[in-house]
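Q: Add chain B to chain A, keeping to what the hints say.
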Amino acid sequence: MEIPVVYNTLETYLLIAALLFGFGIYGMLKNRSLIGILISAELVLCAASVNFMAFNRFLVADPAVGQIFALFIMGLAAAEAAIILSIIVAVYRNYKSIDPEETAELAG
Amino acid sequence: MTPLFTVEGLAGVVFFGFILLIIFGALVATNAVNLIRAVCGLALCLVGVAGIYYFLQSPFLALMQVLIYAGAVCVAIVFAVMLAEPQGAKRLERAHPLAGPGAFAAAALMAWGLAALALRTSWPEASSQVNAGALEDVGRAMMTTFVVSFELISLILLVAIIGSLVLARRGRR
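From first to last, the protein sequence lines stand for chains A and B.
So for the first sequence, the UniProt record's numbering puts the first residue at 1; every next one is plus one.
So for the second sequence, the UniProt record's numbering puts the first residue at 1; every next one is plus one.
The shape of chain A in the complex, shown without the other chains (with noise of 0.2 Å):
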């Protein structure tokens, strides 16, 4: 039995990420609560870190730097969870719904 080798070429990396990329955007413009589009974000966030380590680990002199930089993101996002986790707590309490489309009070 044969099987193909992929993981040591920099396409597959960058095509799992635009796969992760293109399933965030979906959800983002699908879903209809404010949790299914963080969810969502948070899957746009994973693929830009897989790009960052696909070149860190294939193109770049210093491979230390990609790694960082994932580090950060995945900080950032956990801070940007925590955040949108607070601010959809108090927008239900205020509205009673966490519906994006319930909740466009300005709108009018």
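No lab work stands behind these hints: they were computed from the structure.
Think of the CB as a built atom: it goes at the ideal place given N, C-alpha and C, for glycine as much as any other residue.
Treat each hint with caution, since some may be false.
[Said to hold, decoys possible] One side only, chain A facing chain B, incomplete, derived with CB under 7 Å: (1) F23; (2) I25; (3) C46; (4) M53; (5) A61; (6) S86.
A: Relative to the frame of chain A, chain B by itself:
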């Protein structure tokens, strides 16, 4: 193509397993009606991405991915679901009937564009390696070259903690 029962062949099988985990997890995360199920799909997908990091020669980042993303962020989202979604399973689709196919078309277009760019560009190889990219090099670079960014990240985390506490506390009766 390599024979299956070698180290490279079995590693390739594990790699395909991680890719399948990512695709399945992302499908569940974007399409599940129940939000808790969507969070579980997100956790699966993030564990798959951790495996991808392992194949990119960074076991430390794989560990951090499982700890921070699949652990902390997913548990935080579950808490938000429990605090803000008492009516349980709700319709996740937008009201407009064209929203789902339109979203799929837009996302497929962007993913296809990115994939085509990635495949057609001739990427330049790195000339020489400065270090091995081990955890020790990461720590040293973080404490020397990127020390300002490191401090900024810690400041941002502090502001995020205080800000989320203030936001979640306000308006409580």
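Q: Next, verify each hint and record whether it holds.
A: Here is what the structure says about each hint:
1. F23: Holds, about 4 Å.
2. I25: It holds, given that the least Cβ distance between I25/A and chain B is near 4 Å, below 7 Å.
3. C46: Status holds, d = 5 Å.
4. M53: holds (5 Å)
5. A61: Where the cut-off is 7 Å and the nearest Cβ of chain B is about 5 Å from A61/A, the hint holds.
6. S86: holds (4 Å)
When the structure is compared with the earlier hints, no violation turns up for any of them.
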